[in-house]
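A.B. asks: The residues making up each chain are set out below.
There are 2 protein chains.
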Amino acid sequence: MRCNDLIARVVALFPETFVGVCMLPQSPKADMTNSIAELERCVDMGFIGCNLNPDPGGGHFQHPPLTDRYWYPFYEKMVELDVPAMIHVSGSCNPAMHATGGYYLAADTVAFMQLLEGDLFKDFPTLRFIIPHGGGAVPYHWGRYRGLADMLKKPDLSTHLMNNIFFDTCVYHHPGVELLTKVVPTSNVLFGSEMIGAVRGRDPDTGEYFDDTKRYVDACEALSEADRHAIFEGNARRVYPRLDAHLKAKGL
Amino acid sequence: MRCNDLIARVVALFPETFVGVCMLPQSPKADMTNSIAELERCVDMGFIGCNLNPDPGGGHFQHPPLTDRYWYPFYEKMVELDVPAMIHVSGSCNPAMHATGGYYLAADTVAFMQLLEGDLFKDFPTLRFIIPHGGGAVPYHWGRYRGLADMLKKPDLSTHLMNNIFFDTCVYHHPGVELLTKVVPTSNVLFGSEMIGAVRGRDPDTGEYFDDTKRYVDACEALSEADRHAIFEGNARRVYPRLDAHLKAKGL
Numbered sequence: 001m002r003c004n005d006l007i008a009r010v011v012a013l014f015p016e017t018f019v020g021v022c023m024l025p026q027s028p029k030a031d032m033t034n035s036i037a038e039l040e041r042c043v044d045m046g047f048i049g050c051n052l053n054p055d056p057g058g059g060h061f062q063h064p065p066l067t068d069r070y071w072y073p074f075y076e077k078m079v080e081l082d083v084p085a086m087i088h089v090s091g092s093c094n095p096a097m098h099a100t101g102g103y104y105l106a107a108d109t110v111a112f113m114q115l116l117e118g119d120l121f122k123d124f125p126t127l128r129f130i131i132p133h134g135g136g137a138v139p140y141h142w143g144r145y146r147g148l149a150d151m152l153k154k155p156d157l158s159t160h161l162m163n164n165i166f167f168d169t170c171v172y173h174h175p176g177v178e179l180l181t182k183v184v185p186t187s188n189v190l191f192g193s194e195m196i197g198a199v200r201g202r203d204p205d206t207g208e209y210f211d212d213t214k215r216y217v218d219a220c221e222a223l224s225e226a227d228r229h230a231i232f233e234g235n236a237r238r239v240y241p242r243l244d245a246h247l248k249a250k251g252l
Numbered sequence: 001m002r003c004n005d006l007i008a009r010v011v012a013l014f015p016e017t018f019v020g021v022c023m024l025p026q027s028p029k030a031d032m033t034n035s036i037a038e039l040e041r042c043v044d045m046g047f048i049g050c051n052l053n054p055d056p057g058g059g060h061f062q063h064p065p066l067t068d069r070y071w072y073p074f075y076e077k078m079v080e081l082d083v084p085a086m087i088h089v090s091g092s093c094n095p096a097m098h099a100t101g102g103y104y105l106a107a108d109t110v111a112f113m114q115l116l117e118g119d120l121f122k123d124f125p126t127l128r129f130i131i132p133h134g135g136g137a138v139p140y141h142w143g144r145y146r147g148l149a150d151m152l153k154k155p156d157l158s159t160h161l162m163n164n165i166f167f168d169t170c171v172y173h174h175p176g177v178e179l180l181t182k183v184v185p186t187s188n189v190l191f192g193s194e195m196i197g198a199v200r201g202r203d204p205d206t207g208e209y210f211d212d213t214k215r216y217v218d219a220c221e222a223l224s225e226a227d228r229h230a231i232f233e234g235n236a237r238r239v240y241p242r243l244d245a246h247l248k249a250k251g252l
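These protein sequence lines map, in sequence, to chains U and E.
Heads up: the first sequence begins at 1 in the numbering used here, then just goes up one per residue.
Heads up: the second sequence begins at 1 in the numbering used here, then just goes up one per residue.
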């Protein structure tokens, strides 16, 4: 709650630059009651989305899968408020699991597979999740997931998941972003970058910051101008309708 | 032990086709004593490598990282026998973690990061690991790992890890294999495929088996003939010296 108040304060100070998404008071033994209340409070303050942690225990994956009924009351509130969630774990309490180098990408990948294995979006057709770090391992293994959907007798990924799941571009080299934009439909890729993020240095080979992801998108020659507009702006306005409304209210 | 005996039996029946690698009697509460004995027994039977499970608990990542002293007696035996290990988890006991779609790729990624964070290959300069499934998420996030090595004040990946870590080609679509072979040095990529593996079906778009990985390597136009020879044969002979000796003894 205090962190979200701080975010609201930053947004109030720099309204031309920022809009808020909230974190949630999740805990290994808690249900989602307090998170629902905090989401409502933050949306009332003008926030446009939230971060949902699929493993609040921090690195041992003890929580039920994202398709479990445990999460449903929260999803109902997300749908009611029309806000998406980024599925992103937090700190690692596991000495075998480095947070930004192991845990994050593992959790992204596991989350996607939980959703593939279930039928969550039949129950919540308008629920929307963003999986960060370019979807973890998923686009690199896109054939594997297409094949697993087939083996598990699920519909094609395009209808089974890709009306509801989106990936960001936080992949810190050009070949990765090129694969992402080649394999995953452009409508499912949202521009993402970091500042004071996981990888803070400059590439010694190029002198550029590893996490300056716009360069990698710019260098994807196969993207049309319409694709670029979708990745940099259009998709975000569609996935975060409250962002779109907020910008339109400013005449943008 | 019974499974390894069965593998030895298959090798004896089809010596022109197969050579053995062994599994190990690992268990969540056991040390590596029995695994060391079984590795010795299998190498005595002509096996050329082993499979090492970094998470014998099956999906909650409770084991110490691969850089921990827990593993050292086993590594000493690997070095003595000059056999590499594939780092590959087994079944998942976690309902939130689908084995082939979530757990495997997560474990591959976490293992690589454990090795990046430590200095294991300073202690064991000739120890060799194969990380399956094309390295999990690692090649897709190669910039992230280069940047993390830099942040953690480790040497460049080329010397810190890539004399000792190798990836297979079990990535089930061409763009993934192309990324792998573009980003990771050719000397670190070993041809791998599956039969009765994770993804058994045919791609409805092409009619081809998802796990027929040779097609994806063949389609990588940037690879020279020397690169292809390295990926299909040369690297395996170098990483598995007992395979090389075995083939040479047959005049191959």
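It cannot be assumed that every hint is accurate.
Chain copies aren't distinguished; within one or between two, either way the pair holds.
[Stated by the list, open to error] Within a straight-line C-alpha distance of at most 20 Å, the following computed SDA-like cross-link-like pairs (lysine to any residue) qualify:
1. Lys29 - His88
2. Lys154 - Gln62
3. Lys122 - Ser158
4. Lys122 - Arg2
5. Lys182 - Pro125
6. Lys214 - Gly118
Calculated directly from the structure, the hints in this document are not laboratory data.
A.B. asks: If you test the structure against every hint from before, which numbers come out violated?
C.D. replies: 2, 4, 5, 6
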